Amino acid sequence: MATAKDASAGSANKPFDIVATYNNLLRSDPDLTMPIAAIEALVLLLTHSPSSTISETLDLLEKSTADLKKAIPNPIGLSAGTDLFQRYLITTLQRPGQLGPAGDFNAIRAHLLSNGRLFIRRAKESRDKIATFGRGFVRDGSTVLTNGGSRVVASLLQHAAGEKGGPSAVRFRVIYVLSSAKGNLENHHAEPEGMETVRALRAAGVPVATIPESAVAYSLGKADVVIVGAEGVVENGGIVSRLGTYQIGLLAKAMGKPFYVVAESHKFVRLYPLGQYDLPIEQHVIDFKTDEDLTDEAHPSDCTDKAVLGEAVDFTPPHLISALITDSGVLTPSAVSEELIKIWF
Amino acid sequence: MPATSAPLTPGLASFLKSLKTNPIDTSIDNLISLLKRRQIRHSRSCATATAYLLLRVISFCRTTDANKLIERVQSVGRRLMAAQPREMVVGNIVRRVLGLIRDEAEDDRDAEFALSDAGSESQPQTPRVLEDPSTPQDRDFLSVRHEGSERSSSRPPLTSHSTNPAPISMFSLLSGPEAESSLPGSPVPGSPSGRVTGHGSVRDIRAEVLDGIGEIIDELGQVDDQIAAYALDHIHSNEVILTHTSSTTVQKFLLKAAAKRKFTVIHAESYPNNHDATHATVSGTVSDEDDNLSFESFQKPLIALGITVILIPDSAVFALMSRVNKVILGTHSVLANGGLVAAAGTRVIARAAKVHQTPVVVVSGVYKLSPVYPFDFDSLIEYGDASNVIGYEDGDLVDQIDVQNPLYDYVPAELIDLYITNLGGHAPSYLYRIVSDHYRKEDISF
Numbered sequence: 001m002a003t004a005k006d007a008s009a010g011s012a013n014k015p016f017d018i019v020a021t022y023n024n025l026l027r028s029d030p031d032l033t034m035p036i037a038a039i040e041a042l043v044l045l046l047t048h049s050p051s052s053t054i055s056e057t058l059d060l061l062e063k064s065t066a067d068l069k070k071a072i073p074n075p076i077g078l079s080a081g082t083d084l085f086q087r088y089l090i091t092t093l094q095r096p097g098q099l100g101p102a103g104d105f106n107a108i109r110a111h112l113l114s115n116g117r118l119f120i121r122r123a124k125e126s127r128d129k130i131a132t133f134g135r136g137f138v139r140d141g142s143t144v145l146t147n148g149g150s151r152v153v154a155s156l157l158q159h160a161a162g163e164k165g166g167p168s169a170v171r172f173r174v175i176y177v178l179s180s181a182k183g184n185l186e187n188h189h190a191e192p193e194g195m196e197t198v199r200a201l202r203a204a205g206v207p208v209a210t211i212p213e214s215a216v217a218y219s220l221g222k223a224d225v226v227i228v229g230a231e232g233v234v235e236n237g238g239i240v241s242r243l244g245t246y247q248i249g250l251l252a253k254a255m256g257k258p259f260y261v262v263a264e265s266h267k268f269v270r271l272y273p274l275g276q277y278d279l280p281i282e283q284h285v286i287d288f289k290t291d292e293d294l295t296d297e298a299h300p301s302d303c304t305d306k307a308v309l310g311e312a313v314d315f316t317p318p319h320l321i322s323a324l325i326t327d328s329g330v331l332t333p334s335a336v337s338e339e340l341i342k343i344w345f
Numbered sequence: 346m347p348a349t350s351a352p353l354t355p356g357l358a359s360f361l362k363s364l365k366t367n368p369i370d371t372s373i374d375n376l377i378s379l380l381k382r383r384q385i386r387h388s389r390s391c392a393t394a395t396a397y398l399l400l401r402v403i404s405f406c407r408t409t410d411a412n413k414l415i416e417r418v419q420s421v422g423r424r425l426m427a428a429q430p431r432e433m434v435v436g437n438i439v440r441r442v443l444g445l446i447r448d449e450a451e452d453d454r455d456a457e458f459a460l461s462d463a464g465s466e467s468q469p470q471t472p473r474v475l476e477d478p479s480t481p482q483d484r485d486f487l488s489v490r491h492e493g494s495e496r497s498s499s500r501p502p503l504t505s506h507s508t509n510p511a512p513i514s515m516f517s518l519l520s521g522p523e524a525e526s527s528l529p530g531s532p533v534p535g536s537p538s539g540r541v542t543g544h545g546s547v548r549d550i551r552a553e554v555l556d557g558i559g560e561i562i563d564e565l566g567q568v569d570d571q572i573a574a575y576a577l578d579h580i581h582s583n584e585v586i587l588t589h590t591s592s593t594t595v596q597k598f599l600l601k602a603a604a605k606r607k608f609t610v611i612h613a614e615s616y617p618n619n620h621d622a623t624h625a626t627v628s629g630t631v632s633d634e635d636d637n638l639s640f641e642s643f644q645k646p647l648i649a650l651g652i653t654v655i656l657i658p659d660s661a662v663f664a665l666m667s668r669v670n671k672v673i674l675g676t677h678s679v680l681a682n683g684g685l686v687a688a689a690g691t692r693v694i695a696r697a698a699k700v701h702q703t704p705v706v707v708v709s710g711v712y713k714l715s716p717v718y719p720f721d722f723d724s725l726i727e728y729g730d731a732s733n734v735i736g737y738e739d740g741d742l743v744d745q746i747d748v749q750n751p752l753y754d755y756v757p758a759e760l761i762d763l764y765i766t767n768l769g770g771h772a773p774s775y776l777y778r779i780v781s782d783h784y785r786k787e788d789i790s791f
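So the protein sequences, as listed, match chains A and B. The first sequence begins at 1 in this note's numbering and counts up one residue at a time. The second sequence begins at 346 in this note's numbering and counts up one residue at a time.
Note that these hints are calculated values from the structure, not bench results. As the structure is a prediction and not an experimental result, all values here were calculated from the model. All residues carry an ideal CB built from backbone N, CA and C; glycine is no exception. Where hints are given, some of them may not hold.
Derived DEER-like restraints, expressed as beta-carbon distance ranges [as the list claims (entries may be wrong)]:
no., chain 1, residue 1, chain 2, residue 2, range
1, A, Lys289, B, Glu759, 38 to 44 Å
2, A, Ser219, B, Arg423, 39 to 45 Å
3, A, Ala215, B, His701, 32 to 38 Å
Take these sequences, add in the hints, and give me the full structure.
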């Protein structure tokens with residue numbers, strides 16, 4: 001106990017700032033996902049901490065994770081990474097063998113520290129893996145509807161388009177739903193997320209139509225399949241994803257179109273939301289105001305509200321999802337809980 | 346040569362007979378052409394033929410190296426699957442055999458690590474101890490269960506031996522670099538050398554693989570009886586059951602329940618592809634095609650047991666559905682997402698049942714469960730002989746209209762309430778678990 005106290009006190013004195021590290025990592029590499037950035041940040045934290053006992057380290061991890069989660073407005077994605085890292089440490093330590101309790105704790109630390117880059121590379125590789133799994137979902141002559149700025153979806157579609165001179169490029173079309181939340185504002189020049197993918201796909205010769213969110217129901221009749229990305233995949237197989245995904249899911253269900261989610265398995269979060277308003281984050285999507293409130297507040301607050309809206313997420317329940325395309329194969333939503341149970345128990 | 350068995354029309358029986366005498370490559374070609382010509386159809390016949398062929402392939406494969414064995418089975422499997430891609434059971438059996446080989450190879454390696462041959466030798470025999478024809482369903486049930494549990498339990502120690510623990514796919518991100526590169530994980534000092542030299546030289550894994558295939562063949566023979574054992578849990582007195590096609594699995598299921606209970610069966614005739622067989626099943630004048638093996642030589646019809654059977658045309662299904670308590674369906678193959686491919690007309694029935702909130706129960710052996718995800722539903726559906734719809738007697742008509750006769754329907758998972766396999770009852774969303782118990786991930790797309 002005493003050592004644990006010392007460790008937390010020690011880390012408080014340290015200049016190492018987990019939140020800043022996390023943000024830096026995310027900024028420095030646009031390809032990095034939140035869970036991986038969180039894992040990276042924790043690995044770096046271990047580098048900077050002198051702790052040499054297990055409980056000390058676990059305590060430090062727990063504390064920094066809590067700090068990180070507090071500092072980030074939407075910690076769902078990153079909590080997948082921190083949980084995974086923590087569970088990995090614990091299971092490795094419990095396992096017999098040299099890395100276990102009998103062995104040298106420094107061995108596992110050394111392994112983690114020396115392989116930091118490897119994790120990132122693997123995380124990116126898993127995208128390619130998903131792309132190969134997911135190719136079958138994009139058929140010749142089909143039209144895919146997608147949204148958001150998911151890198152996995154982008155890689156899947158580009159893979160299907162065969163931009164790398166692949167043997168059999170699929171001829172398909174894409175309807176890209178662009179979020180209007182950002183575009184409508186005064187910062188009109190900031191292009192909606194996903195534009196990059198749109199450009200890349202067009203460059204690869206894939207016809208892309210961009211539509212606003214309001215046109216989803218209208219356009220869905222022309223689409224054969226909906227493929228979306230996810231920020232986190234929750235325990236019941238539902239997904240937490242960019243605001244607007246839920247309505248696409250509902251519409252796809254109503255129209256009988258298959259709705260596929262593409263996500264790496266490190267995005268699985270141990271979370272069981274019961275509905276939209278049960279997510280452990282605070283977002284001001286619905287903000288009731290009267291005239292009085294509006295005159296009370298000057299426009300600066302307006303600006304921040306909109307910025308939050310761009311980051312907002314919603315929860316798509318599992319019954320709307322046809323299948324999850326992950327790096328461990330094509331899963332039904334109910335298979336997610338099993339993967340999660342395997343790491344936790 | 347198929348010519349040697351001249352009196353038989355080419356089919357499963359003639360193929361099995363010729364298998365004993367023909368050289369292996371001829372047998373492979375023979376089966377491929379039988380599959381291509383659709384002279385072997387029905388899931389079970391295809392599965393049986395494939396299993397027997399692989400049995401021969403492996404017993405004639407003069408190698409002790411598991412990898413060579415896998416390659417050989419894969420190459421044969423690919424050719425068989427290409428011959429008739431819509432008979433998914435062929436692929437299923439090939440994958441299960443591949444899984445068997447991999448399991449044995451890994452057990453072998455495990456045994457070397459443990460440096461105890463005795464343990465590994467006794468282990469594959471545990472299911473065989475129970476081999477006793479008097480309790481066939483228990484035996485096979487156990488052995489299949491055993492296989493599943495054994496596999497899942499044998500994996501973690503295996504991986505923890507060879508490298509850092511990576512039994513959980515989600516950890517694959519964080520675990521040690523690549524397999525052997527982090528050797529500190531391997532505990533036994535002498536083991537690396539043992540693995541390199543001892544691989545396969547200790548004992549021949551073929552014997553165990555052949556045993557395993559024998560078990561698969563046993564399973565194919567007993568699957569209907571095993572499924573029928575669950576009948577009393579699902580069919581209650583005075584219920585009205587609707588079924589479709591002349592599936593023997595369904596018939597056995599109903600017969601089992603009929604021995605104890607009185608109920609009514611409404612049988613849709615499944616015109617035009619299966620109505621003759623359906624009529625024969627209902628009236629009990631089964632003059633079985635040679636395709637269906639002798640193990641179901643004669644079967645009493647349901648009416649002989651005092652069951653009221655009502656034969657209806659397919660078009661009456663919706664009209665009668667409101668009175669039906671339960672729909673019991675056979676299937677051609679079951680897909681990983683819980684959907685299924687079954688005789689044409691099944692989807693209409695399932696849809697009608699959904700409208701009336703009638704439970705839909707599908708009976709199917711585990712061997713029909715395919716790990717393939719249906720990307721393109723249309724490609725799964727086979728089109729059959731158009732003359733079944735309009736005979737060539739109606740020549741004038743045939744000239745003027747386009748006749749199509751789809752043999753199968755794709756039924757999405759949400760229309761099915763329950764699957765009953767030889768392992769028990771499962772929700773469609775649970776099938777992924779059975780898939781992962783029976784097939785190795787690396788074999789799903791080989």
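Verification of the supplied hints:
1. Lys289/A - Glu759/B: 38 to 44 Å: At roughly 42 Å between Cβ atoms, Glu759/B and Lys289/A fall inside 38 to 44 Å, so the hint holds.
2. Ser219/A - Arg423/B: 39 to 45 Å: 40 Å, holds
3. Ala215/A - His701/B: 32 to 38 Å: Between Ala215/A and His701/B, where Cβ atoms are some 37 Å apart, the hint holds.
When held up to the earlier numbered hints, the structure conflicts with none and fits them all.
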